[in-house]
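2 protein chains.
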Amino acid sequence: MLKKLSKLIKLINKNLLKYLKYKNEFPSVIFKAVRYSVFAGGKRIRPVLLLLTSKAYGMNIKYVMPVACGIEMIHTYSLIHDDLPAMDNDDYRRGKLTSHKKFGEAIAILAGDALLTKAFETFCECNRFISDEKLLKVIKLISDASGINGMVGGQAADILFENKNVSKKTLDFIHSHKTGALIKASILSGAILSGADKNELKLWDRFGEIVGLIFQITDDILDVTSTTKKLGKTAGKDAKQKKATFPAIYGLEKSRKIVLKLLLEAKKILYKIKRPTRDILNLVTYIATREN
Amino acid sequence: MLKKLSKLIKLINKNLLKYLKYKNEFPSVIFKAVRYSVFAGGKRIRPVLLLLTSKAYGMNIKYVMPVACGIEMIHTYSLIHDDLPAMDNDDYRRGKLTSHKKFGEAIAILAGDALLTKAFETFCECNRFISDEKLLKVIKLISDASGINGMVGGQAADILFENKNVSKKTLDFIHSHKTGALIKASILSGAILSGADKNELKLWDRFGEIVGLIFQITDDILDVTSTTKKLGKTAGKDAKQKKATFPAIYGLEKSRKIVLKLLLEAKKILYKIKRPTRDILNLVTYIATREN
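Those sequence lines, one after another, are chains A and B. Oh and the first sequence: position 35 is 84 in the numbering used here, straight run, nothing missing. Oh and the second sequence: position 211 is 260 in the numbering used here, straight run, nothing missing.
Bear in mind the hints are in silico, worked out from the structure with no lab data behind them. As the structure is a prediction and not an experimental result, all values here were calculated from the model. Incorrect hints may have been included.
Heads up, the list lumps identical chains together, so a pair's fine if it works in one copy or across two of them.
With a straight-line cut-off of 30 angstroms between C-alpha atoms, the simulated BS3-like cross-links for lysine-lysine are [stated by the list, open to error]:
#1 292 x 183
#2 213 x 81
#3 81 x 316
#4 218 x 67
#5 92 x 183
#6 151 x 183
#7 323 x 286
#8 67 x 186
#9 189 x 104
#10 72 x 217
#11 278 x 292
#12 111 x 278
#13 217 x 303
#14 186 x 151
#15 213 x 278
#16 150 x 70
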């Protein structure tokens, strides 16, 4: 699995570089800032999920690569803006200086804006093997998942509820929007672009929700149990900032049990989909058991 | 003309409100922040340009309204982010407090992000009277014009060259990218969506460039000659921040002459296009002679 995964990641990186290289790079610092954050060692979980979902339908991943890369750009923009002093105020991300620490706040804001915009331009790079209708459906889905009713709304809630007592309902809202929405959209996009039918899309929808939850709960757990060195970002920050997290509300033990339960449900759904999805299951298992 | 214009603006505002009202508005402050800036009294020049270009082809403006509204969202997001303390640090815009002054920096950044994302979702609202192919062409055009090779690149250059001696070439770059690119894209989008042919698109392209220049030079002139009250934003700010502007490089008199020359060229191009474009010419004349 890890070998297959690293091959996919290499391919994604190669394509990201292709989309983010320009003939005229003026003023150069903004182009540097964009690539700095995109190539800061991300795990590429979202584009990999999209590609693996497509592969389950026998799709040539080359055809859906622009959408996979665009989603990674949206993810990267969200990290750059989340790290800003006015937001989470983080100095390190993936073991490297955050964008505003490296290039200053103005350029960091603009680098995020540039990436979000470039994502939509990149989606349009899909060639004639993807129908215009499917592509527009996916653009609508991803913009909805990234915007005020998705990722941006989740980040807003996360900031507004800092240092406050948070109910389980609000925790669910923050997680499902801030992280879950784009992960789910990645999986759904792969399924839509590859011709999944209505019934299958329902299953992928719930599967996407579960993967988002597994990812976020594991993230919360690692913030408590791991070290800054291993994580590449400041460990223990959630508790310090009194962030709404699973361990804070359920405790570590119960949080771990929830992950296992969700993993089991994910397996059952994949079984129902009746497609060659072993690689996806392996990836989700990796997400649940990762150490950073 | 002004009556026609105010009718169009009302229609745009009605549609913007429709797109920016949600069933579930949680957390409410981010939804409020988004509408606060969109309905802060903008002149809607970009969507009006798009609609009038479409009308010259007999297009029912209802069909292209989602694209017109999406472009206004992109314009508004760019103002919110430009006003941030790390960027131009403006307290007032259109006579009202800027977003970060009203809602705080974090929410202002997120409101901008939400609007940029929502623009692309809104584009997808075009119904079957606009072909998917044309819509995708326009999405690509607008994302290119708004991104690192357009508006974002222009804003980056504007900030990087603050307090520096700027050549005419750099001034041209900043203007054509920061303001010109989206104005041109508005006009071109209207033409593409309404079925303009290749030859006409070339003419609209140059026309769009000219309108962008007229808009920006007039803006630069007003910053010198107008008052804060009339402008609704701090007058004289460009000189104070040693911004690259036309009056700074050419002087007021020559800048005014350039505007008149461009206006003449705009007229000539419209004559060549041989469509009913009197409303557009009136609008461009208004842009060149406006007082705020």
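Verification of the supplied hints:
1. Proximity of residue 292 and residue 183 under a CA criterion of 30 angstroms is satisfied in neither setting, with 38 angstroms inside one chain copy and 45 angstroms between copies.
2. For the identical chains of this complex, residue 213 and residue 81 are inter-copy neighbours only, at 21 angstroms across copies versus 38 angstroms inside a copy, given an alpha-carbon limit of 30 angstroms.
3. When the C-alpha separation of residue 81 and residue 316 is checked against a cutoff of 30 angstroms, the pair qualifies neither within a copy, at 41 angstroms, nor between copies, at 41 angstroms.
4. Taking the closest pair of Cα atoms, residue 218 and residue 67 come within 30 angstroms of each other only across two copies (28 angstroms); inside a single copy the shortest separation is 42 angstroms, beyond that limit.
5. In the homo-oligomer, the alpha carbons of residue 92 and residue 183 lie at most 30 angstroms apart inside one protomer (27 angstroms), although the nearest pairing across protomers, at 35 angstroms, exceeds that limit.
6. In this assembly of identical chains, residue 151 and residue 183 lie within 30 angstroms of each other by CA distance neither inside one copy nor across copies; the values are 39 angstroms within and 40 angstroms between.
7. Taking the shortest alpha-carbon separations for residue 323 and residue 286, neither the intra-copy value of 41 angstroms nor the inter-copy value of 64 angstroms comes in at or below 30 angstroms.
8. In the homo-oligomer, the alpha carbons of residue 67 and residue 186 lie at most 30 angstroms apart both inside one protomer (25 angstroms) and across protomers (20 angstroms), since each shortest distance falls under that limit.
9. In the homo-oligomer, the alpha carbons of residue 189 and residue 104 lie at most 30 angstroms apart both inside one protomer (22 angstroms) and across protomers (27 angstroms), since each shortest distance falls under that limit.
10. In this assembly of identical chains, residue 72 and residue 217 lie within 30 angstroms of each other by CA distance solely across copies; the values are 22 angstroms between and 50 angstroms within a copy.
11. When the C-alpha separation of residue 278 and residue 292 is checked against a cutoff of 30 angstroms, the pair qualifies only within one copy, where the shortest distance is 21 angstroms, while the shortest distance between copies is 43 angstroms.
12. In this homomeric assembly, residue 111 and residue 278 never come within 30 angstroms of each other (Cα to Cα): the closest approach is 35 angstroms inside a single copy and 56 angstroms across copies.
13. In this assembly of identical chains, residue 217 and residue 303 lie within 30 angstroms of each other by CA distance solely inside one copy; the values are 14 angstroms within and 64 angstroms between copies.
14. Taking identical chains as interchangeable, the C-alpha atoms of residue 186 and residue 151 are never at most 30 angstroms apart, the minima being 37 angstroms within one chain and 36 angstroms between chains.
15. Taking the shortest Cα distances, residue 213 and residue 278 sit within 30 angstroms of each other inside one copy (28 angstroms), while across copies they are farther apart (41 angstroms).
16. Proximity of residue 150 to residue 70 under the C-alpha cut-off of 30 angstroms is restricted to the intra-copy arrangement: shortest distance 23 angstroms within a copy versus 36 angstroms between copies.
Of the numbered hints given earlier, the model fails hints 1, 3, 6, 7, 12 and 14; all others are met.
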